[in-house]
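Sequences are here, hints too, so could you generate the full structure?
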Amino acid sequence: MKSAFAKRESRSGKFFTIPAALIMLGLVVYPMLYGFFISTQKSNLIDEWEFVGAKYYIQLLTDADFYGTLQTTALFAACVVIGNLVVGLLLAVLVNQKIPLMNVFKVILMLPWLFPEVVVALIWKWLFNPLFGMLNHILFMFDLIDKEVDLLGQPGTAFAAVVFVCIWKGYPIVMLMMMAGMKNIPYERYEAAAIDGANKWKQFRHITLPGLMPILLVAAILETAWWFKHFTIVWLMTGGGPARATELISVDVYLQAFTNFNFGRAAAESVIILFILMVISFIYSRVLRDKSQ
Amino acid sequence: MTNLNNQKNRKQKDSAMAGTKTNKIVTRVASYAILTFMTLLIFTPIFWMISTSLKSEAVMFDTPIELIPSDPTLDSYVNLWSTYPFLTYLRNSIFIVSVATFFSVAVSTFAGYGISRFNFRGRGIFMSFLLATQLFPSIMLLIPYYKTFKTLNLIDSHFGLIIAYVSFTIPFCTWMMRGYFAGISKDLDQAAAIDGAGRFRVFSSVILPIAWPGIAATAIYAFIAGWNEYLFALVFLNSAEKKTVSLAIGQLIGEYRILWNDMMAASFFALVPMIIIFIFFNRYLVEGLSAGAVKE
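Taken in sequence, the protein lines are chains A and B.
The first sequence begins at 0 in numbering that gives the first Met the number 0 and counts up one residue at a time.
The second sequence begins at 0 in numbering that gives the first Met the number 0 and counts up one residue at a time.
It is possible that some hints are incorrect.
Chain B regions said to be covered by chain A (calculated; three or more residues, Cβ under 8 Å) [as the list claims (entries may be wrong)]:
| hint | stretch |
| --- | --- |
| 1 | 51 to 60 |
| 2 | 205 to 213 |
With the C-beta cut set under 10 Å, the calculated list includes, among others, these residues of chain B facing chain A [claimed, not checked]:
| hint | residue |
| --- | --- |
| 3 | P63 |
| 4 | R116 |
| 5 | L129 |
| 6 | L140 |
| 7 | I193 |
| 8 | I223 |
| 9 | N227 |
| 10 | Y229 |
| 11 | S238 |
| 12 | L270 |
Everything labelled a hint here was simulated from the structure, so no lab data went into it.
Just so you know, these numbers come straight off a predicted model, no measurement behind them.
For every residue, glycine included, the Cβ atom is placed at its ideal position computed from N, Cα and C.
Below is the structure:
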């Protein structure tokens, strides 16, 4: 038997939560199921609807190009996420020191977060421009090259360049999370360690890192999900080229749907991305649980 | 006695520190070196953006390039208002993103409070669902939204885009607010409830006034997410007078002749609202987030 109090509690909880729950149901759950439905149809989304079952899934899973795209995406996401975590963590630790000017650096280092992705992509693209860009100019100035380099024009360098730009844009949010996390680590611990003669590295290794572990793992999950489905910066900088070197899965879905009007196949790809991300987050949460025990 | 102890402590500390004095200097020098390098890396593109925006077309496409324009001109900035309907873009963006942010934060604040305070059936499912939505490829919603909006005649409408932005931001905002409320002691609610205030009164007159840092941080997050969004705007908006700033700037690059100076001036203007927001709300960010999203 539920007490009257528990009943009232439950009613209040529902009262506060129901608007969000209904909106999520309408704006996320329903479209997702609908997307799944579309992935089983050969359709132009207007008047042509033909059930084709798992045809697009089979097509995708037997397509070498699709695996190539997946591989590119996985490598891209891994590089960007690791880069963001390392840079974000390092900078958070640095600006967290009690030495002069750190408040200034805290503000400066957050700046890339404020840049719209479109703006980030365009500025860097222009900076990398082989003829009129600043990068080549500087490289010439220091005699580092004798012929202009087109970073975005060659497969290998184009990939490295977009990864670099995405880390430039992406690390501040990790830094912010780490700064927030470090506020929860009591300062006395560092003082005690300093008295015991532990150097900065040891303090980082034995106090900061373990203290941040749970937040670091949450950040890793979110970051992986965000960058695995990234679209804007790469699309605007390279369009997926050259020679498909930067063709991420989101770029492919966009092209399939809105250039080739192959909506069923695009929807099937989306479902596969979702599945992959679920598997990844399952693995992460396993690691998370093992670590916290 | 305490005094003596303190002195002893300090002595111990000092001797420990003395051994690591050089170590400390090395750490400091290395820290400043890394931070200075990062600052350069951040300001280089900003510098290049501003420098380019002050060049005429002839100077911009001339080699060797001028890092600092010898003959700066504000033509590109004037062009934004005369050649392109940039004011319209700016107004569109501010309208769409503000409405979406307001709506998301309102709903998320309610939901965040609900799941942080009460036990009810469905709470667990709702919470894991919130996290799971972070995994959904937004591109997965793109196609069904496209179809639904077509049917409902919401293509090329600001209302459609607002709906899409709300769907992105509610889950993360709710998660942030939940974390923030969890950091506010429940005793406060109980004390007010004992005084006879109803649940909603407790929320609106006791909890809400002290939750401002969390709400501000959540709102900034939602606003930046919306302001940055490109893909949905690209698919859903077509007519020139409906475009958002991000979309308009992004599409300039698709043109045959790319006017980088105009584009850089536009980029500069796209940044201004972000920087204003950041200046005003900067201090809430870490505070709001510290209790919020990062806590499991």
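Here is how each hint holds up against the structure:
Closer than 8 Å: that is the beta-carbon criterion, and the stretch 51 to 60 of chain B has 3 residues meeting it against chain A, so the requirement of 3 holds. As drawn, the stretch 205 to 213 of chain B meets chain A at 0 residues by the rule of a beta-carbon pair under 8 Å; below three, the given contact is violated. For the restraint placing B:P63 at the interface with chain A, the shortest Cβ-Cβ distance is roughly 7 Å, inside the 10 Å limit, so the hint holds. Look at B:R116: its Cβ gets to within about 7 Å of chain A, closer than 10 Å, so that hint holds up.
Among the interface hints, the one on B:L129 holds; its C-beta lies about 8 Å from the nearest C-beta in chain A, closer than the 10 Å criterion. Interface restraint check: B:L140 against chain A, minimum CB-CB distance 5 Å, threshold 10 Å, status holds. Hint on B:I193 is violated. Least Cβ distance to chain A is approximately 13 Å, over the 10 Å limit. The criterion of a C-beta within 10 Å of any C-beta in chain A is met by B:I223, whose closest approach is roughly 7 Å, and the hint holds.
About 5 Å separates the beta-carbon of B:N227 from the nearest beta-carbon of chain A, less than 10 Å, and the hint is met. Interface restraint check for B:Y229: the shortest CB-CB distance to chain A comes to about 4 Å, inside 10 Å, so the restraint holds. Using the Cβ-Cβ criterion of 10 Å, the hint placing B:S238 at the interface with chain A is not satisfied: the shortest such distance is roughly 17 Å. At about 7 Å, the closest approach between the beta carbon of B:L270 and any beta carbon in chain A falls short of 10 Å, and the interface hint on this residue holds.
In the structure shown, a violation is registered for the earlier hints numbered 2, 7, 11, in ascending order.
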